[in-house]
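Undergrad: So you can see what is in the structure, the chains are spelled out below.
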Amino acid sequence: MSEPLIEVKNLKKYFPIRGGVLQRTIGYVKAVDGVSFTINKGETLSLVGESGCGKSTVGRTIIRLYDKTDGDVLFKGIPIHSLKKSELRKLRPKMQMVFQDPFSSLNPRLRIGDAVGEALLDHGLVSKNELRDRVIEALEMCGLASYHIDRYPHEFSGGQRQRIGIARALILDPEFIVLDEPVSSLDVSIQAQIINLLMDLQQQKGLTYLFISHDLSVVEHISTRVAVMYLGNIVEMASRDELFDHPLHPYTQALLSAVPIPDPDLKRERIILEGDIPSPANPPKGCKFHTRCPFAKDICKEQVPEFRDVGGGHYVACHLV
Amino acid sequence: MARNIVEFRNLKTYFYTEEGVVKAVNDVSFSIREGETVCVVGESGCGKSVTALSLMRLIQSPPGKIVGGEIIFDGRDILKLSDAEMRRIRGNEIGMIFQEPMTSLNPVLTIGDQLMEPLMLHKHMTKKEAWNKAIELIKQVGIPRAEQIMTSYPHELSGGMRQRIMIAMAISCDPKLLIADEPTTALDVTIQAQILDLLRRLKEEKKMALMLITHDLGIVAEMADYVVVMYAGKVIEEAPVRELFKNPKHPYTRGLLKAKPVIGRRQERLYTIPGQVPNPIDLGDFCYFSDRCEYTMDVCRKKMPPFVADENGHKVACWLYEGEWKK
Amino acid sequence: MERPTPTLDYRRKNKKRGGTSLWQDAFRRFIKNKYAILGLVILTFMILFAFIGPYFSPHQDVPDVTKANQPPSKEHWLGTDNLGRDVLLRLMLAGRISLTVGIAATLILLLIGVSLGAISGYYGGWVDVIIMRIADIIYAMPGLPILIVMGAIMSDLKIPPAHRIYYVMFILGIISWVGVARLVRSQILSLKEQEFMLATEVLGLRDSKKIIKHLFPNVLPTVIVAGTLGVASSIISESALSFLGLGVVPPTPSWGYMLSAANNMIDFAKRPWLWIPPGVAIMLTVLAINFVGDALRDAFDPRQKI
Amino acid sequence: MTQFIIRRLLQSIPTLIGASIIIFLIFALAPGDYVTRQFENPKMTPERMEQLRALYGLDKPLPERYLRWAGNMLRGEMGDSLMFKKPVISVINDFIWNSFLLGVAIMFFEWLIASIIGIYSAVRQYSVFDTIATLIIFMLYSLPSFFLGLVLLKFFAVDLRWFPVGGMITTGSNYTGWAYIMDVAKHMVLPVATLTLISVGGLSRYFRANMLEVIKQDYIRTARAKGLKERTVIFKHALRNALLPLITLFTLEIPSLFAGAMITERIYNWPGIGKVVLQAIYVRDYPLFLGYTMLITVLTILANILADVLYGIADPRVRLK
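Which chain is which? The protein sequence lines are A, B, C and D, in order. Heads up, the first sequence is in the working numbering, so the first residue is 88 and it goes up one at a time. Heads up, the second sequence is in the working numbering, so the first residue is 44 and it goes up one at a time. Heads up, the third sequence is in the working numbering, so the first residue is 610 and it goes up one at a time. Heads up, the fourth sequence is in the working numbering, so the first residue is 60 and it goes up one at a time.
Bound conformation, chain A alone (with noise of 0.2 Å):
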């Protein structure tokens, strides 16, 4: 077992909401409400889950672009969540994310050249003279060519933006790479050329991922491990093949099965879930899962099942495993 990147501790985060005459937090929005997890070095680990899960939001807490509530995050052993500004500001370079939505992550009044290579001149890591040459390598290291160091990012289809994107977290040699949904806006045809992409850079400079995403297929091809979130927690986690082959969440099963595959001569049990996915504001007691599990017995509704170990790293929140 390799040494862990990453190491995540309970990690809570909470949003307030706000109300009364004094506008005064009069509850939270528990977005994400006790995960633990750790990523290896050179692996990926997927959060996968339905919108208004957490996982964005674990994956935007861990490289603290949001303060956290309570827990901690280990990066190398440094907890990132106490450093100082500055301290955080020299450690930025190392932990990378690329962004959803390729429309909106670029500046569109910056060239790409200098959307790419800024950082790198901010944190004094280059000088001016080589800093072209450091540009072009990344652009063309992640498909695009040299020429387009002078363009804007509107003269981009979605795809080339977001080899931009990823262009601009890998130019600054980062350990760790947070790629939250980074291909669900993209066609099928160009999701193709980004993931290739991304598997190709990982093993070539070693990188470790966190992949954030909705797309269980997706998911299973560029996995190591996954975990799957439903409300603020983590209810399932296994490498991958043990994950697929092997699902022992109801939710974790329900997913699978509600995936719709291309061959029309597959016929599966499809476990269609009732209902709607609560509000995180005010979520069920006891499993989370229990108002939408096709199997839920009374312990569900009163006792938060434990996340345990079920064997050979396998984790699980449920009572019924």
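Hint data in this document are derived by calculation from the structure and do not stem from the laboratory. One or more hints might be untrue.
What the hints assert, rightly or not - According to the in silico footprint, chain C covers these stretches of chain D (three or more CB under 8 Å from chain C):
hint	region
1	73-81
2	191-200
3	316-324
4	338-344
5	352-361
The structure presented is a predicted model; accordingly, all values stated were derived computationally and were not measured. The beta carbon of each residue, even a glycine, is placed where N, CA and C say it ideally should be.
Using the hints provided, position chains B, C and D relative to the given structure of chain A.
TA: Okay, now just chains B, C and D, sitting in the frame of chain A:
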């Protein structure tokens, strides 16, 4: 064989933009039979939505305009109808649901108000009758507490519920055809499963044809009887669903099937189609896929391939099959 | 990768190597706008008229009572005033004042409005609360009466006529920055939500870079539009104040002050050449600026075409 | 809702205090006061001036004067107008309704014309009507109100003699009943026309922009897809949404009904509050001006709260807490 409910014949819908003419739908022909589910599949900008909106005559003009062709619906050419006649078809004989359930319902009108509108208009129901029918519809699309929903506003409902309401509204007048334009793209996968299930059930119950527009081949495999593949404003391949998945012919279709990761089918690398969809402005007269195709020949860059059917009725527009046509 | 990805240009028409910035795009849209061009032509004319025009006038701006109150003639195209001065020349000279005050007042209001709005939006917290409270206070007070009272106080303070113009600029700037501040603040708040601003944090950019390279250029279009339209309303406010005799006063006339000739019943009824030309001049200038401002808004934001 | 109103009222207290301090200071710091202005002549001795100042309470230190003034204001006592020699309240009451009459007429015509032009321009965007309306509107809102007022006065009253040159009733007449109403109406035509023409431009642009924005929305497409008549689509589905932001605008215009139009009232010699206040400024009648300014400030603050409340009632998406 059931008769055609819709037949697109050489439909051309262009958009006149500042940069030039976008031939969003460029000589498209296909048909949908009664009670059949036809999936129109393709990537963004391929013209699949514009085809559907042309059928409803809801293309915004300017910049859009239907410049040629015919759309025969139930024996009449839609494009020749008066506005009043067209309105009697919309929402009555053809229902339509859209991609964004969050913005497709009017935020300041109650669900009940919006549901009752087409019933009172097309079926000449009284308010009371329409109210009862609307409640029945809400139950039919699987939403509990129908009375309460009637007086709710759209923002009080979740995305999945709103899409159910949209469906209820679209089927309220028992249309012969339901158009669903990416109905589940904005929804979570467990909700998507609910909606697809609902659409399938309603289609059977109401015996209506379904024109389902999607980019997801998984949904196509699950829902379609017949598939139409579009690329850059053209239909490049069409076939019955089993035939298409078993024996995809066009390199683009094949590429799409290979490029999408599939659950339970692990592979080392994904197949990729290189490059990207061409800029739709001022395209020439050649195969639009030629610059991304791994089998490109000289002829592909010079002439537009004709759309030809083989003996199984599997149609494809590709020069690779030139040899087969001569037989 | 199996094969190198062919790098297709998204816009094939764009053959040149250097990219086209949004500024260039906006410029292209701007010069295509007929109203914008008309506005620019009128505006250029007014500026030349006011600043160069007087050098071509055969008259001197000195009283000559022998020629008082003459109607328009070949010699005096717009007639003469009650002191026998050429109205056309006065109109040009007044234009200098009106245009200068309009522009300077706008610069002051932009300076205050943009900096307060930016600070408020960027830092948030209690700074934001305080600035927005002050904005609320100023917004709640009736603008024109306060403006007029300040004009009156200027008279009480016995400010020399030559200096009044600076005070007028300043007063106009101070009472009209609220709109711009709110606009800039809301723009910055929405920019902060954009992923590229999150990216600047992830990249660890310095605050100064975030502001100068990322926020500022994206707020600038809004500021330019607000500034242009601000000049128009400053000109109108100044003319109202001067019309009441509480703004810029003789010997330096402004268009508004010239219009106050209409306060005299005889001049008003019998000598329209004294007060109609400055009114038309104000209207033309403001119209031209509004055309340009509106075209700029369209050019910067083609989606919001109105 | 009640909670929201209470909160907003509480929030407006500091605003009101701040505004009152600023308004008070503006006058207090001005050198010329009522006494110097009104009684300064060679015969007046400095002693007598001081006596007068003491009489009017102008000799006390500033904070004391402010507190006394503010305390009086809170009790609704605005003091006596120096110019009219009677309570400010009754002066305001004497003239404000004349302004209100003018204001209501203007508001009626402004909204009527603007809505017709705005909606029609939006529905027929780029038509000949739209182009011409746009041009005229631009010209109207580029006009200073006093210039338009003067031109209309010169042309229609002085030259053509269609309408009276000023005032509210014909001098020396003592019409009653219908004749009185007609007389007032005749006097109202020009001032109402002036202010309506000036303000109709901006509002109709706003109407048009709102309509255009709403017509682009998905739910309008949905309405059309239901086969609704274009009339229903525009007036039921589009207009209701387009009107929402206009509710705010409308409510915020309410204080101006009471504020009077200083310059226009002066030009047409309309006996409204605006004209009187302008006069008060010229003679430095501070109590009257202070009373008036505070009244309008309070009305503006209340209108702001009312605007939010009405918006909350009209838009089901907004929940007032």
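Undergrad: The structure should be examined with respect to each hint, and the outcome stated for every one.
TA: Evaluation of the provided hints:
1. 73-81: holds (count 6)
2. 191-200: holds (count 3)
3. 316-324: It holds, with 3 qualifying residues against the three required.
4. 338-344: holds (count 3)
5. 352-361: holds (count 5)
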